[in-house]
Amino acid sequence: MAFDLKIITCLTVTCTLCFRLEAQGQVLSDTIRSEAIQEITVTGDRISNPNSVSAAKRADARLMQATGTLQVSDVLKYFSGATVKDYGGVGGLKTVSVRGLGASHTAVAYDGIIITDNQTGQIDLGRFSGSQAESVRMVSGPDNDLLQPAALAAQAAVISLNTGRPDTDGKEASGYAETKYGSFNTLSARTGGDFNSGERNTVSLHAEWLKTRGDYPYIQSNGANSLSMRRENSDVERFRAEGALFSDICRNSSLTTRAYWFQSAQGLPANILYNENAARERLWNRNGFVQSTLRTTVNKRLDLRFSAKYGIAYTRYLNPGVSNTQGKTDNRYTEQEGYLSGTMLYRMADRLSASIGVDGRLSGLDGNGAQQARPTRYTLNSTAALKYASERLTLTGRLNHVVTMERTELREAAESYNHLSPTAGLNWTVWPSAGLHFRASLGNTFRLPTFNDLYFEQIGRRDLRPERATVKSAGIVMENMTGSMACSFYADVYDSSVRDRIMAVPGKNTAVWMMKNIGRVITHGLETGLEIRSHEGIFRPALLVSYTYQRSMDKTDSGSSTWNHQLPYTPRHAASAVVWMENPLVNVSFNLLYSGEYYCNGYNGPEYRMPSYYETGCSLWRSFRLKRYELSLRAECINLTDSRYELVRNYPMPGRQFRISATIVL
Amino acid sequence: MTGYLSKIMPLLLITLACDPEPVLIDESQVIADAGHTGVYVLSEGLFNQNNSTLSWIDFSSGQPDSWNSAAGRSFDVFEKVNGRRSGDTANDLLLYGSRLYIAVSESGTIEILDASTCRSLRQITLNRNGNSSQPRRMTASGGFVYVCCFDGTVTRIDTLTMMADATVRVGRNPDGICCAAGKLYVSNSGGLDPQHPDNTVSVIDLNTFTETRRITVRSNPGNIYTDGTGVYVVSRGIFDYGTMDYDSRLHRIDTQTDEVTATFDIPILNMDIADGQAWFYGYGAGGTIQVLDLNTGKVTDSDFITDGTRVMCPYSIKVEPATHKVYVCDALDYVTPGSLLCFSPDGRLLYRVQGIGINPNTVAFWDGSVTLTQYQGEPEIIGHIDRVFEYMPAPGQFVNLLPRYEPGDNARTMADKCLKALQSGNMITLGAFGGYITAGFNTPVSNGDGPDFRIDGNAYKGNAEPGVVWVSTDFNANGLPDDPWYEIWGSEQREGRSTPGYTATYSRPATDNGDSPWIGSDGRTGSVMHNQFHSQPYFPQWYDSESVSFTATLLPDNITYTDGIYVMSAFGYGYVDNRPNSAENSAFDIDWAVKPDGTPAGLSSIDFIKIQNGMTGCNGTTGEQSTEVSAIYNLNIGTE
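First to last, the protein sequences are chains R and F. In terms of this note's numbering, the first sequence is residues 47 to 712. In terms of this note's numbering, the second sequence is residues 276 to 915.
What the hints contain is simulated information worked out from the structure, not anything from laboratory work. All figures in this text were calculated on a predicted structure; none of them were measured in a lab. Using N, Cα and C, we set each Cβ at its ideal position, and we do this for glycine too. Hints should not be assumed to be uniformly reliable.
If you only want the chain F side, here are some residues facing chain R, beta carbon under 10 Å, derived [claimed, not checked]:
| # | residue |
| --- | --- |
| 1 | GLY320 |
| 2 | ASN323 |
| 3 | SER327 |
| 4 | SER361 |
| 5 | GLY362 |
| 6 | ASP363 |
| 7 | GLY383 |
| 8 | GLN398 |
| 9 | THR400 |
| 10 | HIS471 |
| 11 | TYR516 |
| 12 | ASP520 |
| 13 | VAL610 |
Please work from the sequences and hints to get the whole structure.
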């Protein structure tokens, strides 16, 4: 009674696709820039923004240094409320879900513009290097920024990687070079520079290369037959090059144009099965885009922002060990995307402003499979927002609308979708002298079915509706800056619900699984954190601790065995801590991650229980002034205690590792 | 805010409420069935989770073996006994002889277990170029187990050597195998090419183990069954993207002509046959069990379940051949541990065992006793002998193989190999009539009340190859078996049906693969015939002489030949390799030892044992009767 062949193939390939193919993105810029500046002036570099109506967290370069961020996903593990699913190693897929909504509800934006993957709906955050962004910001709920593009405004949670306009300090040019070496034969190098061309133009160029064998040791635990082994086929080679031109066209207008190229070749670390550890799957990605954003302040009442982008992403997945006619599975996909966005902000009065925005997107997926539907999706996002901001009170209200239309070359296309979703937010300074704010938000968002959900072989169904999410959140944030210390604290409770969750379930023919809008999930949670930083003095200590509580209950069917069970890969308790101290001798940091136990399946049987784990690390770094150059040296130890755990069942995480790096800046 | 917090806070306080555990519900006490001791249920687990499990439900207690329910791996007796788990996606369970065979698809292994203890006797790895061959389904015939693997092969496993000894290529992605009329039928699904699946059934001749033809059927054939005369194969067809479903049919193949003689338009997913009827569940309409008359091809009962019991997702069906009770495995939602449901022949639910394992896929009835001992580390030594003095097999098809003869071996090294085999529970053969082994116990076996020692062989119902046992006490305390031997009289000697002191003389064949002729002391002649299953020389290769003679007690012929099947019936008691190892009457009492005149020997303890084949029978093409021994136990250890 074998697991039906069809199911196996289907599930294998689906898993492969869902979990492993990552599409790409784009990037636009630079509307975030003004906001970033605003943020810096208002909140400095602290993790929480006290004026935000939603829980907003931000990691700056210092926090990324203190946590030893190689990949952007590393620092997200320190954000309360973010649940990172990590398949281990540099090449293992890393996705982030926020507030029990599922990874597809978390948008990733590069320089303010959403990165989409219409095929799987998941973005691999392991692909972005920690040095790629000046800061990483996560907003769970409506954002304060009225100039936000419509597509971003409609998201439940947004992780933004912000590069910012380079600050050349009035110099003609500046440059840097860095090399990094770490355990398991990991070598990376990056270089780049910023060049001023006249008063108005700055050109910024960056290139980064990384190669790792990734053959870390692990223990395959099977009682009397437990084995010490090494990870195979987890090598990765990546290259990224990007160039940006920042132009001040006139006093009130700026144009940012960016060209981006990324390519990678990697093995896919395998699911470790007893007696069978053959790892052979390979993945290749190539992703390029060009994008441009124009921002104009027409007058003191009217701001405009326009963006345009074209991107292409090519993915090849190869499994050379399949018992079919060709003896392999060799999938190639090309996803292309065109994007246009316009937003207008109008300040009606001192305290009242309004904005409208429209985003149009055209995405097409082509593949080599015989049953490829080759879908094209037209998406039109519109948004209208109102904001009232006084000294002590900020109120935002927004209406998002989306309409989609799809075409396929093969088989019937999904139906059009037309949906209106509101969000609202409030931030009230309860106690100005103590810096105490109360914030609350309400958001109604959705995520569209992915192309895999709709068209993937026998499992996809074209009649899917989008998943809808509602999040209600309330909390306090307190910020106190006394002398040389900055201290902030936040605590938000929330209640989220996902309806029409898209899940694979057995169809009327139980041997044929299909995607269905069947699930319902309700989550209650708490996110809290405390940050203390010292800015002055010879010894400048800093501390960041956070705690997350999440109770994500399956509310699909009260008669089912999974009723009220916790969502998979969602620990009820998670905590993290980072302490670091900057000083003239050597900067030092310690970090700790803890996750309580969780389940790797929607059915919370003991069979699927995953034990709690923790991981610690430490870093030492220092900069030296050498004439015109600045040399920084850094050494870090990741997983100091060599804690062995699996975050995703049967995908072991690496044990203790070391990394050293040297950077020269001129 | 306050209201909101008051809603949240209680939740914060009860954060670590208990998680649900699998439960067992027993709805009836009447679970005995047709003399079976119980059922084994194999569950494949969830794909790529390494969580295949084996459950044992004892009909006398009515409970599954639940050794470790707190750890949540409640019913995996495989892990309980072997201290490890079997692996990922165990597809098929086969009970053959006294052993369980488990095909673990994604791990690429066949586990061979002793059905009485669930101890893994051997793990066979089936892979090609480091990739699992994905063993899917098994069948057995004539002492061999045949495994079809998804990589397009069928592998033959010799049940005595427990080794894969031959592989034959078939079509693409075979997904079912059965044995009828001396042939194997293998359904080639080609399911890994969903757009152009295979559409053939391979026929393999059992004697030559070669593919003799391919029968064309509809696309994507899957499960395959036989009722002895016909072969039935489910063909699923090509997935229809219009209806988003399969259009499945059932073919009947005539085993005489190997032609498709009928195609029933019934969308069967899986079935089990008993007395010309098939109990099945279908593609589509999940949960309904129906009955099909295989002679007419008509559905005689479109809803077998009469009491309204709902099976959410039938995943396996098994009909007890005699009582027609129907056992259905319910996979529920594929992630929750499923249930075993037992229905009366008229479709009423008799009982249900919940939480039996994730995706339970095979049910096997077992008649022997079961002792499941929790793993305590790999036992260094099995049994209680520490010396083999003499190993003198008569010619036989497993001679030179069990244990293996290698150039340079002599009588001493072969005896040492026997000791090693017996101390690790591996089989040795005594060859044909008269072949024997003598061994010494590590401590004297005292003569207590009831059985005193036990000798494991490979007997199962209809496959008795009895050997006679002699015992001896080290009266002169020199550690050597040079003291008088006393014969253990079993049922045949006591009833006067045996011939003491019968001598057979075997001659070395002219060629290595020739037959070994023998002549008996009464002038009777015979031959140990070389067969196609075992190609090595059958005459012990370390013997110097051209002939060898054995004198032993000849037991009466126990072979009957009916309906093309050789049945070797067991004698009453008192023999090796006569009854299943743990069965009643399989152990020995020192009180049965007699002096040459038949009077009780009156031994208070024994130190040595001699085991000698007492049969001259020949079992058609599968060859001579040969006693096999795998372990020798002192049953009085620790009881005094």
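Right, here's what the structure says about each hint:
no. : hint   : verdict
1   : GLY320 : holds (8 Å)
2   : ASN323 : holds (5 Å)
3   : SER327 : holds (9 Å)
4   : SER361 : holds (7 Å)
5   : GLY362 : holds (4 Å)
6   : ASP363 : holds (4 Å)
7   : GLY383 : holds (5 Å)
8   : GLN398 : holds (8 Å)
9   : THR400 : holds (7 Å)
10  : HIS471 : holds (8 Å)
11  : TYR516 : holds (6 Å)
12  : ASP520 : holds (5 Å)
13  : VAL610 : holds (4 Å)
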